[in-house]
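Chains as they are written, first to last, in UniProt numbering: chain A, 1 to 434; chain B, 1 to 434.
Just so you know, the hints here were simulated from the structure itself, not pulled from any lab data.
One should not assume that every hint holds.
Distance ranges between label pairs, derived from CB positions [claimed, not checked]:
(1) A:E334 - B:K188: 20 to 26 Å
(2) B:D347 - A:Q213: 37 to 43 Å
(3) B:G150 - A:T415: 54 to 60 Å
(4) A:G231 - B:A424: 51 to 57 Å
(5) B:D347 - A:S53: 38 to 44 Å
A virtual CB, placed ideally from N, CA and C, is assigned to each residue, including glycine.
2 protein chains.
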Amino acid sequence: MYERIKGFRDFYPAEMSPHRETIDTVESVAARYGFREIATPALEHAELWTDKSGDDIVDELYAFEDKGGRHVTMTPELTPTVARMVVAKGQELSKPIKWRSTRPFWRYEQVQQGRFREFYQTNVDVFGSSAPEADAEVLAFAADALVELGLTSEDFDFKVSHRDILGGLLESFDRDVDTEAAIRAVDKREKVEPAEYYGLLEDAGLTYDEARQFDDLLDADDRQELVEFAGTDRVREAVGNLDAVLEAAEDFGAREYCTVALDTARGLDYYTGVVFECFDTTGEVGRSVFGGGRYDDLIEDFGGQPTPAVGVALGVMNSTLPLLLQRAGVWPEEALSTDYYVLTVGDTRSEAGTVVRELRSRGYVVETDVADRGFGSQLGYADGVNAETVIVVGERDLENGEVTVKEMDSGEETTAPFDSFLDAADRPTYDDFA
Amino acid sequence: MYERIKGFRDFYPAEMSPHRETIDTVESVAARYGFREIATPALEHAELWTDKSGDDIVDELYAFEDKGGRHVTMTPELTPTVARMVVAKGQELSKPIKWRSTRPFWRYEQVQQGRFREFYQTNVDVFGSSAPEADAEVLAFAADALVELGLTSEDFDFKVSHRDILGGLLESFDRDVDTEAAIRAVDKREKVEPAEYYGLLEDAGLTYDEARQFDDLLDADDRQELVEFAGTDRVREAVGNLDAVLEAAEDFGAREYCTVALDTARGLDYYTGVVFECFDTTGEVGRSVFGGGRYDDLIEDFGGQPTPAVGVALGVMNSTLPLLLQRAGVWPEEALSTDYYVLTVGDTRSEAGTVVRELRSRGYVVETDVADRGFGSQLGYADGVNAETVIVVGERDLENGEVTVKEMDSGEETTAPFDSFLDAADRPTYDDFA
Numbered sequence: 001m002y003e004r005i006k007g008f009r010d011f012y013p014a015e016m017s018p019h020r021e022t023i024d025t026v027e028s029v030a031a032r033y034g035f036r037e038i039a040t041p042a043l044e045h046a047e048l049w050t051d052k053s054g055d056d057i058v059d060e061l062y063a064f065e066d067k068g069g070r071h072v073t074m075t076p077e078l079t080p081t082v083a084r085m086v087v088a089k090g091q092e093l094s095k096p097i098k099w100r101s102t103r104p105f106w107r108y109e110q111v112q113q114g115r116f117r118e119f120y121q122t123n124v125d126v127f128g129s130s131a132p133e134a135d136a137e138v139l140a141f142a143a144d145a146l147v148e149l150g151l152t153s154e155d156f157d158f159k160v161s162h163r164d165i166l167g168g169l170l171e172s173f174d175r176d177v178d179t180e181a182a183i184r185a186v187d188k189r190e191k192v193e194p195a196e197y198y199g200l201l202e203d204a205g206l207t208y209d210e211a212r213q214f215d216d217l218l219d220a221d222d223r224q225e226l227v228e229f230a231g232t233d234r235v236r237e238a239v240g241n242l243d244a245v246l247e248a249a250e251d252f253g254a255r256e257y258c259t260v261a262l263d264t265a266r267g268l269d270y271y272t273g274v275v276f277e278c279f280d281t282t283g284e285v286g287r288s289v290f291g292g293g294r295y296d297d298l299i300e301d302f303g304g305q306p307t308p309a310v311g312v313a314l315g316v317m318n319s320t321l322p323l324l325l326q327r328a329g330v331w332p333e334e335a336l337s338t339d340y341y342v343l344t345v346g347d348t349r350s351e352a353g354t355v356v357r358e359l360r361s362r363g364y365v366v367e368t369d370v371a372d373r374g375f376g377s378q379l380g381y382a383d384g385v386n387a388e389t390v391i392v393v394g395e396r397d398l399e400n401g402e403v404t405v406k407e408m409d410s411g412e413e414t415t416a417p418f419d420s421f422l423d424a425a426d427r428p429t430y431d432d433f434a
Numbered sequence: 001m002y003e004r005i006k007g008f009r010d011f012y013p014a015e016m017s018p019h020r021e022t023i024d025t026v027e028s029v030a031a032r033y034g035f036r037e038i039a040t041p042a043l044e045h046a047e048l049w050t051d052k053s054g055d056d057i058v059d060e061l062y063a064f065e066d067k068g069g070r071h072v073t074m075t076p077e078l079t080p081t082v083a084r085m086v087v088a089k090g091q092e093l094s095k096p097i098k099w100r101s102t103r104p105f106w107r108y109e110q111v112q113q114g115r116f117r118e119f120y121q122t123n124v125d126v127f128g129s130s131a132p133e134a135d136a137e138v139l140a141f142a143a144d145a146l147v148e149l150g151l152t153s154e155d156f157d158f159k160v161s162h163r164d165i166l167g168g169l170l171e172s173f174d175r176d177v178d179t180e181a182a183i184r185a186v187d188k189r190e191k192v193e194p195a196e197y198y199g200l201l202e203d204a205g206l207t208y209d210e211a212r213q214f215d216d217l218l219d220a221d222d223r224q225e226l227v228e229f230a231g232t233d234r235v236r237e238a239v240g241n242l243d244a245v246l247e248a249a250e251d252f253g254a255r256e257y258c259t260v261a262l263d264t265a266r267g268l269d270y271y272t273g274v275v276f277e278c279f280d281t282t283g284e285v286g287r288s289v290f291g292g293g294r295y296d297d298l299i300e301d302f303g304g305q306p307t308p309a310v311g312v313a314l315g316v317m318n319s320t321l322p323l324l325l326q327r328a329g330v331w332p333e334e335a336l337s338t339d340y341y342v343l344t345v346g347d348t349r350s351e352a353g354t355v356v357r358e359l360r361s362r363g364y365v366v367e368t369d370v371a372d373r374g375f376g377s378q379l380g381y382a383d384g385v386n387a388e389t390v391i392v393v394g395e396r397d398l399e400n401g402e403v404t405v406k407e408m409d410s411g412e413e414t415t416a417p418f419d420s421f422l423d424a425a426d427r428p429t430y431d432d433f434a
């Protein structure tokens with residue numbers, strides 16, 4: 001017996017069904033926002049990651065040398081791929097570009113509760129707009145998707161921050177601070193012990209007292225305090241941009257889901273402006289459900305024209321979003337659904353086939369016997385796939401020009417004329433003949 | 001500038017749109033047949049392929065050693081994975097099992113016209129039924145999907161054969177024939193020169209005269225000739241099974257798409273019974289569009305209970321099916337579609353936002369300005385995404401309590417009351433106010 005690979009999952013039909021419903025909902029909300037579907041390769045040249053993050057990142061990737069000697073990797077995220085695609089078409093693409101896609105990604109990391117090596121994301125990105133409305137549209141899409149999935153503002157909270165507020169504050173200390181290291185420290189603020197957190201800030205170049213001062217600023221109620229502390233254009237503009245994004249989010253219906261939380265830093269180095277992470281308000285789902293933000297430099301870093309960008313990646317399937325939906329009690333039922341089972345008794349396949357084909361052509365989910373089985377086991381199968389109506393096409397009934405129509409929920413059944421019962425209604429059921 | 005990997009494709013929105021429409025059609029036909037969606041890993045242990053096909057197959061795979069020393073491969077096909085999944089759940093799964101899925105696969109092969117290293121398939125399989133109805137259901141699904149995509153019996157032809165007819169005929173020669181090699185030769189009958197074809201049959205153990213005799217049998221009009229030539233139960237049963245499948249296909253509406261063609265052998269060694277391949281009747285698409293068949297031994301080979309199986313894999317996206325649809329003139333248009341563009345002039349984001357949110361909540365595709373652009377470039381964008389209706393929310397119009405509703409096709413426009421135009425119709429357009 002073969003095993004599947006550790007960190008990978010098989011999804012059988014009943015468990016797949018709520019995932020499909022979730023993905024379809026998220027995709028349809030994205031479609032209504034005008035995010036257009038793209039499809040992207042599972043493999044890329046590894047340098048899309050190593051050039052920016054260094055060769056060590058390979059340890060976290062499914063990277064390998066292909067038969068042609070190329071250093072390739074199974075993609076751990078979408079952003080570098082869409083950046084490459086934007087660069088490749090350059091000026092051909094009219095701006096703003098709004099793309100979406102849902103697919104798996106792969107990361108060679110420690111397998112633990114709720115973390116898999118293969119995980120799925122719906123990515124949504126806007127390229128070519130630095131306006132706060134673009135950030136707000138991404139926030140509004142994400143909020144709308146969660147609401148459409150059944151969540152409310154009681155269930156989730158977008159913690160919103162701005163990279164240049166953090167960066168600008170750090171820069172205003174009279175020291176040689178490693179900003180990226182300090183931002184990574186901030187990202188761990190809620191995840192590690194205070195001593196470790198302050199230690200990381202000290203490693204990044206702050207003194208202990210400065211680290212404390214910096215930490216206090218993160219909790220400032222009035223963002224003007226930050227502007228005054230730093231006294232730089234960078235922080236003033238960043239605070240202004242964050243406020244503008246929140247105002248646009250108000251107009252787009254997403255403000256109520258947002259809380260400013262400057263310690264929301266996002267781990268990835270390519271973010272440049274507003275960043276946000278979605279959290280479970282109850283804390284039961286302990287880590288970030290998903291996140292996104294602005295990454296204005298990446299397209300240029302990849303060799304393209306300067307192109308501002310902002311996006312979000314919602315983890316679906318093997319990810320945290322299903323955990324949040326389950327916690328909130330809005331996870332769709334794990335069940336199959338079937339409109340009709342057409343049951344044959346004796347040599348009635350031809351007549352049953354007529355019924356099956358007609359009902360399928362009307363768009364219904366219709367099953368029939370494909371295993372040469374008897375009445376009982378066909379009925380058991382129909383029950384197993386949650387058939388709503390069973391139509392029994394039996395030799396003796398047919399001699400009388402009839403079929404039997406059985407409502408599975410109630411167990412009630414009645415006969416109907418074979419010649420006309422398909423005409424009784426678009427979806428003929430027990431009620432039409434009882 | 002980064003390049004994508006050779007043999008892989010990016011799908012931008014306009015080119016993606018007909019692929020999405022095609023996949024949705026195929027998936028929805030499969031759903032109506034009661035094939036239930038599953039999701040499966042991109043990586044498997046390489047031994048799922050090497051145990052059966054030998055280590056050389058690794059040359060055609062994206063196989064590598066992962067960071068934990070596992071010999072893994074990006075999956076080149078679905079069948080071994082679903083076989084593994086059936087074995088893993090064993091008796092828990094009620095039979096027949098009917099599964100479907102659409103996803104990419106990967107094969108390290110020569111890149112040529114229409115052949116990619118990443119290609120997509122919709123796989124549909126029935127497990128647990130040896131009845132001819134199961135084969136017929138797979139044929140009927142495939143035919144129905146093609147018809148739903150706009151093709152007719154004039155466009156495509158399923159060439160149907162049976163492995164045991166070929167195998168049984170070969171066995172009836174009084175020689176030590178390498179059956180699998182001979183079947184691979186038959187698979188090449190239409191693809192190579194006669195001399196090479198007969199040479200391959202001779203390599204498999206037949207004399208030249210026997211090869212000619214065998215070849216004549218493949219074209220026999222009356223299948224009883226085959227039964228008589230072989231004189232074995234195996235061939236008699238295989239012919240009976242093929243006839244039974246064709247009869248069931250008649251009842252299921254698929255017979256008209258099927259032609260018996262005994263030289264349809266399918267390259268893969270795991271097939272055991274009826275096999276079929278779909279061809280373009282005009283021959284313009286020169287190779288098999290897709291194929292499928294019965295593989296009754298694989299689940300047992302994988303360590304499971306004996307479980308008959310039959311399935312088909314329709315190549316979508318980077319595959320031959322789009323070529324056939326294009327050849328037949330039924331390929332969907334490569335275009336974006338947008339119901340509304342809500343255009344802002346001046347400081348009207350809040351009012352525009354109300355309109356946008358309401359129309360999106362009704363399910364329409366609605367875009368608005370997220371790039372702080374002027375009237376002209378917003379209108380150009382709206383045109384670029386094929387917006388049907390543009391609603392201009394302008395400061396001056398709003399002072400009069402009005403918005404402008406513009407029909408993009410005709411260029412006609414009219415004003416409508418801001419307070420009530422959303423109530424005029426579920427989908428308010430120019431016609432409601434002109």
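Cross-check of the supplied hints:
{"no.": "1", "hint": "A:E334 - B:K188: 20 to 26 Å", "result": "violated, 47 Å"}
{"no.": "2", "hint": "B:D347 - A:Q213: 37 to 43 Å", "result": "holds, 39 Å"}
{"no.": "3", "hint": "B:G150 - A:T415: 54 to 60 Å", "result": "violated, 39 Å"}
{"no.": "4", "hint": "A:G231 - B:A424: 51 to 57 Å", "result": "holds, 54 Å"}
{"no.": "5", "hint": "B:D347 - A:S53: 38 to 44 Å", "result": "holds, 42 Å"}
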